[in-house]
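*Asks:* Okay, here's what each chain looks like letter by letter:
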Amino acid sequence: MENNSKKGRRGLLPGIFRNQIFIPIAALVVLALFNFAADPSFFRISFGLNSAGNPVLSGYLITILDYGSELAILAIGMTLVTAASGGQDISVGAAIAIAGSVILRVLCGHNSRPEVLQTPIIVAFLVGCVVAMLFGAFNGVLVAYFRIQPMVATLILYTAGRSIAAWINNNELPIISQPSFGYFGGFIPGIPIPTPFFIAVGCMIVTFIVLKFTTLGLYTQSVGINESSSRLNGLNPAFIKFLSFVLLGLCVAVAGLIKVSRLSTINYSVIAKDIEMDAILAVALGGNALSGGKFNMASSILGAYVIQFLTTTLYKFNVQSDALPAYKAVVVIILVVMSAPTVREKLSSLGKKIRNHEAKEVSM
Amino acid sequence: MKKKLLSAALILALAVGAVGCGAQPAPEDSSADAAEAGASDGELIKVGIINNDPNESGYRTANDADMQAMFTEENGYDASFAYSLKNDEQIAAAQKFIQDEVDYLLLSAADTAGWDSVLQDAQDAGIQVILFDRTIDADESLYAASIVSDMDAEGQTAVDWLAEQGLDEYNIIHIQGVMGSAAQQGRTGALNAKVEAESNWNIVTQQTAEWNAEKAQQIVQSVIDAGTPFNVIYAENDDMAKGAVAALDAKGITHGVDGDVIIMGFDTNKWALQELVDGNWNYDGQCNPFQAKYIDEVIKTLEKDETPEEKVIVMEEKGFDAATITQEDVDNYGI
Chain F
1 MENNSKKGRR
11 GLLPGIFRNQ
21 IFIPIAALVV
31 LALFNFAADP
41 SFFRISFGLN
51 SAGNPVLSGY
61 LITILDYGSE
71 LAILAIGMTL
81 VTAASGGQDI
91 SVGAAIAIAG
101 SVILRVLCGH
111 NSRPEVLQTP
121 IIVAFLVGCV
131 VAMLFGAFNG
141 VLVAYFRIQP
151 MVATLILYTA
161 GRSIAAWINN
171 NELPIISQPS
181 FGYFGGFIPG
191 IPIPTPFFIA
201 VGCMIVTFIV
211 LKFTTLGLYT
221 QSVGINESSS
231 RLNGLNPAFI
241 KFLSFVLLGL
251 CVAVAGLIKV
261 SRLSTINYSV
271 IAKDIEMDAI
281 LAVALGGNAL
291 SGGKFNMASS
301 ILGAYVIQFL
311 TTTLYKFNVQ
321 SDALPAYKAV
331 VVIILVVMSA
341 PTVREKLSSL
351 GKKIRNHEAK
361 EVSM
Chain S
1 MKKKLLSAAL
11 ILALAVGAVG
21 CGAQPAPEDS
31 SADAAEAGAS
41 DGELIKVGII
51 NNDPNESGYR
61 TANDADMQAM
71 FTEENGYDAS
81 FAYSLKNDEQ
91 IAAAQKFIQD
101 EVDYLLLSAA
111 DTAGWDSVLQ
121 DAQDAGIQVI
131 LFDRTIDADE
141 SLYAASIVSD
151 MDAEGQTAVD
161 WLAEQGLDEY
171 NIIHIQGVMG
181 SAAQQGRTGA
191 LNAKVEAESN
201 WNIVTQQTAE
211 WNAEKAQQIV
221 QSVIDAGTPF
231 NVIYAENDDM
241 AKGAVAALDA
251 KGITHGVDGD
261 VIIMGFDTNK
271 WALQELVDGN
281 WNYDGQCNPF
291 QAKYIDEVIK
301 TLEKDETPEE
311 KVIVMEEKGF
321 DAATITQEDV
331 DNYGI
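Same order as they appear, the protein sequences are chains F and S.
Letter 204 of the first sequence, counting from 1, is numbered 204 in the working numbering, and no numbers are missing.
Letter 273 of the second sequence, counting from 1, is numbered 273 in the working numbering, and no numbers are missing.
A few of these clues could be false.
So the derived label-pair ranges between C-beta atoms look like this [claimed, not checked]:
1) S:Glu-169 / F:Gly-202: 43 to 49 Å
2) F:Val-30 / S:Glu-169: 36 to 42 Å
3) F:Ala-323 / S:Asp-137: 25 to 31 Å
4) S:Asn-200 / F:Ile-25: 44 to 50 Å
5) S:Gly-252 / F:Asp-39: 19 to 25 Å
6) S:Lys-318 / F:Ser-269: 25 to 31 Å
7) F:Ala-323 / S:Leu-167: 28 to 34 Å
8) F:Asn-111 / S:Asn-87: 51 to 57 Å
9) F:Ile-188 / S:Asp-168: 26 to 32 Å
Hints in this document: simulated from the structure, not taken from any laboratory.
Ideal placement from N, C-alpha and C gives every residue a C-beta, glycine not left out.
Given these sequences and hints, build the entire structure.
*Replies:* So this is what it looks like as structure tokens:
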């Protein structure tokens, strides 16, 4: 009885601390407090009309929702890859270039400045999905069947991807003039919230349904935790790993659609540049072990928005944009150090001491 | 063990494949047959042209197309082309051209350093070297002429144009290219000097977007979110100007002719000039990729055994104003 009550009391607070999602929430709170202290106008949201005369919300928070969404979509796929393979895919930026290039190619046909779209957008998007999943499958085969380190395997596409993207469009610069194509990375007329957010929410709902009603999550984690014991239990670890890369390919295609829609065009060499680092950082910030195994999807997604929160904050304070990666690196260092086993042990022993101390005081 | 060997072999094969994809194929002998024909003819001037990969940028594509159009047999040339973004591959191509005994070696070097010995070889073989687009760190005696863009002048032309607009106050969002590049330094330098000199010129924000439209969009969005007033966007290339305009459009801020914000870009891409014609932008500065006709003149002069008047030829570069641009300009100067 006494034992029980003790557990209950202790379980509440440290329970939150020990929960994975605490890390991104804490980061979010720190960032929000910092901005609130520095300049409360950060949280101001204003309502206006865009140049097409449609109502839009604007403000830093809306910007975060907008740009964080494509990152959240990538974080979904990256979490699965990380959990299953214990490594990361560094080719997502290049793969976005490929997917975007394919989408534009299908929309434009042979003319790079079409007056009317050659194919419905949905068809172009589906073709983009197929191609991105094929490239994901390529990475997946290298990792799952040839057992190459994920970072090394995806380095191939990282190097070659942007050249492939340029080649798909003969290095022309397609520009889509039809306004409806811009809805995916902008606003749908009449809806003042950026469309990428809705797309991201859609992806999240699908992901959670899949994780809830299929064994994908369970299998992915068990493969990540112990490959050989999962094999002994009748799973096919290679296929699970392969599948995770294909699913990441799907996420890449969605993010690619948003990216090319933002400007209705593409620049092969810089589109989605360095986004792989942000996606990996989102997974890490979500408290997921980068060495694979257990994962928490909600935590990763929240991590993605926190990254964008950080980026937007840095932009607000006029930090030189080429210095942004350095600030993100500091976050990575803190995260990696905090999650290192030796530090964790120290922290938990420290926590125990404090609790013991408290317990003594209470009993006294 | 077998598995390991197999995977090692595969990695090797893939790595080679990746390198093959990453480095663009260098079609060195695109006109090898023409070279043979020319040699027997004897009247054609034999030139070896070493350029950067035409896929590098719109500028380079236009530059290469211009060279291809100028150095043809009809114009009295027998030209061979070599492309690479890597200095060592370019040097190897130069050595090959020297062995082929070309009359002129035209060079847009990937890197400024490392050219001394190969240019010395060229000189010893009696080959004249003409640099175009990019200059190199080598003794001036090693080349006959150098045809370049003056980035400082490009910036100055743009800033002068902006000063002529006679605004009461200039609140400028300055979006820079990759820091340290010649284009960024020239285009930034002129603006910085003017802002320092004039009391009513202010920089609202000065950020590098690294030639990236998306980054430019985020930078401008951040300024809009902060509510800081601005009336000029000075973007150091067209892509970034496009990104900046996308951010303005999303917030319903008017721009261009009769708009609240003046939009300035560089590089005169065709689509950018079209934006000028449509009145969405105000100014676009040229970075002239059409060096072929200057090179042609230099070669004609050298053929007469005269030396060109100037060793370093700075090309004429225009700035286009939305108020005066014509469709003809778009067709002639757009790249």
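*Asks:* Broken hints, numbered, in rising order?
*Replies:* 8 and 9
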